[in-house]
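**Student:** Got chain A; can you put chain B on it based on the hints?
Here's the letter readout for the chains.
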Amino acid sequence: MKFVNPRFLFFAIFIGMFLLLAACSNSTDGKASENGSDDYPEKSITVVVPAGAGGDTDRNTRTLAKNLEDELGVSLVVQNVNGAGGSTGTRQVLDADPDGYTVLAFHDAALINNVLDLTDYSIADDFEVAGIGILDKANTFMVSGDSKFDNLQDMVAYAKDHPGEVKVATETGAFTHLQLLKLQEEADVEFNIVDAGGAADKIKALLGGQVDVVPTSLGLVQEYVDSGKMKSLGVMSDERLELFPDVPTFKEQGYDVVFDKIFFWAFPPETPDDVVNKFSDAMEKVVKENGEFADKLKGYGVNPEYVGPGEAEKLIKETQNNYKEIYDSSK
Amino acid sequence: MLADLIAGFSTMFQLYNMFLVIAGVAMGLVFGSIPGLTATMAVAICLPITFVMDPSSGMALLMGLYIGGVSGGLIPAILLKLPGTPSSISTTFDGYPMAQKGEAGKAFGFAIICSFLGGILSIFVLILISPPLAEFALKFGPIEYFAITIFALTLISSLSEGSIVKGMLSALLGMFLAMVGSAPIDAFPRFTFGMYQLDAGFSLLPALIGLFAVGEILIISEKKINPLAQKMNTKLKGIGVSIKDFISQGWNFLRSSLIGIGIGILPGIGGGTANIIAYATAKNQSKTPEKFGKGIADGVVASESSNNAAIGGALVPLMALGIPGDTVTAMLLGGLVIHGLQPGPIFFTQNTDIVYGIFAALIIANIAMLLFLIYGMRYFIRILSIPRHILLPIIIALCAVGAFAENNRVFDIWALLFFGILGYLLIKFKFPIAPVILGFILGPIAETNLRRGLQLTDESFWPFLTHPIAAVFWVIAIGSVVLKAWGNHKKKKSLGGV
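Top to bottom, those sequences are chains A and B. Quick note: the first sequence, position 216, residue 216 per UniProt numbering, numbers continuous. Quick note: the second sequence, position 458, residue 458 per UniProt numbering, numbers continuous.
Chain A extracted, bound-state conformation (with noise of 0.2 Å):
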């Protein structure tokens, strides 16, 4: 007497569980809380890093989420979803509930992807902006430590002469891409840009001679500036830093060329307005008050710096539209 095909039943049990393991993992953060804001945060908050463990995203991240827990007293969980320049993590935060429990912190290339057009979706629109809370203003163009280029001037005369002879590494699409056009366009030069891939990538390329310049953080390279083995070209910020004052400014040299990396945080559309401002004010709190977090940034070479929610969110729309001009001009 047979009742059903037991091979049947094993394929249907086997289905099941997939579905039941599926749904297990959808339905725990499914309960919003619906008691207002007032007793926000009550549980601990996920925090979405659109980047690998170990890079300085995660590294940035990780180090003002554990500060946070103090002011917060709830404990902050950072998960890297990693993938597609970014754009899987960003949309997770998106479509998670907007109860102040899922928050994203990222940075520029949120706003590149959307420019690009690989997102449908922008940060500074459709995402409530919790805000700022550290700015990287020491990116730089590196050279190897026997190139022949000393500063900025001398590449930029070089590639003059020589127009798509420079060969300069960038990660398509990325932050540092842009830099490239902007530099192209201000100084009226044409580089042969080349793909190499993320931060590690390009150290790598630049150190085994297969390009001439990489754009990349003075933060992740200073260990290769003291060993004489990359010279930095300048740095795109503003003004000299105090972190690195011997570097002179792309400015200076004069190209008017300014990035900064904004490393931002932000809520998914419609979360209440009170629980992005009292997670706001714990950012403000551990950024301008926190003596260890500012130490700790320090040796990152990157800095503490705060921007409240609207200011984050005008920030963010301006350098967008900065970025979207870059693109477009260089098209």
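Since the hints were made in silico from the structure, they are not lab data. These numbers come from a predicted model, not from an experiment. Some hints could be false.
Straight-line Cα separation of at most 20 Å, SDA-like style, residue types lysine to any residue; simulated pairs [unchecked claim]:
1. A:K160 x B:L398
2. A:K298 x B:P55
3. A:K66 x B:V52
4. A:K285 x A:G52
**Tutor:** Showing chain B alone in chain A's frame:
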């Protein structure tokens, strides 16, 4: 240097650090042995914990996890034909058939000893000649990477049981599946059909455990008799391997370890590929290639020595130049940076205490791994006495947890199901699975580096052939294919003559 190493050991011999290394190895072994949970995940989970420790203690824990995580994969690979981690894919090819023949003890013995010795050998390479090796690895740009990946893809012919055409189709299927998602470089979405979940493509983990573990479990559950409990000798004595047995594997062990170290050093390729390449090479060079896949110790030796050797290799560019070699070392880099230590060219000379502490931790972790596995062997094997209707669902559940946990995405569980059914169908229609995963891993590396290389050469293909290192790999690649074809031709002829 010896003094530095002794200082390193004295740091690690502190009770707290010692505890962390050993706990790390134990936890790593658990992660490694569960299909779906990997060394990468163990390190990712524990990374934030190390932020509050001092750097040496943090590294002690992470090194234990790394060694344990890579080694643990051999347990389910041998007992259940399920690779616990990407690093033990080819351990399943011969380890499981050996266990089926009642030689589980021997398979374990070889796997454990080779893991240990391969790991130790690579650590000595790391300690002694990191800087020049790392400098050499820098010579490998996109053009060289492209040549290597094409060479590695030619090994598919050795991984295909029976029909080479089926092997090639499998590899193409793997490459095709890897193309889903944002294209390298320009991020143009391919084959996503407007589903944003597919923008990031399929990740390796759901693909791997789907094809190998879930597919295999579906096959096992079809059979009426439990093949797992089939007259298997669950009592073990000693480690099942004599010194004489091992000496006969000497050259195979050395070659496989060197392959592991070499591939580990090249940033971006990693242990998942190393074990497959070492296995294919061992098979190609063997006098009895027909015995591979049917339970020959050589296969286990090749796989397990290369994957542990890749650990030391992957640490070479990290320690010497601050460039991570794989996902785990990328996280180790993060673990150092958060303490204000930026690995780079002067890291070795400036932070000798931490560097040699890491070396000492690696050696201790390797010894701990050896002891855990040797003493644990007789207990692992009891897994087989668990009835399959209890064991298999647990494994499926763990696979799903693993697929989800890697990127915290529910979508990856669906991807796991998709790859599981795909794996089942492939096995049913007698398509080899290893080429699928090789194509899946190597396809994107080849594509990215081809396109990057063309950017560097102003769209000219000529430099791809003339760069000396690349040229060497092209010659080996073409040579091995021609030899293989010639061998097949001769075999057919002699068969025809009978």
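**Student:** State for each hint whether it applies.
**Tutor:** Hints, one by one, checked against the model:
1. A:K160 x B:L398: violated, 59 Å
2. A:K298 x B:P55: Roughly 18 Å between the alpha carbons, so the hint for K298 of chain A and P55 of chain B holds.
3. A:K66 x B:V52: With Cα atoms ~10 Å apart, K66 of chain A and V52 of chain B stay inside 20 Å; holds.
4. A:K285 x A:G52: violated, 27 Å
Checked against the numbered hints listed earlier, the structure breaks hints 1, 4; every other hint is satisfied.
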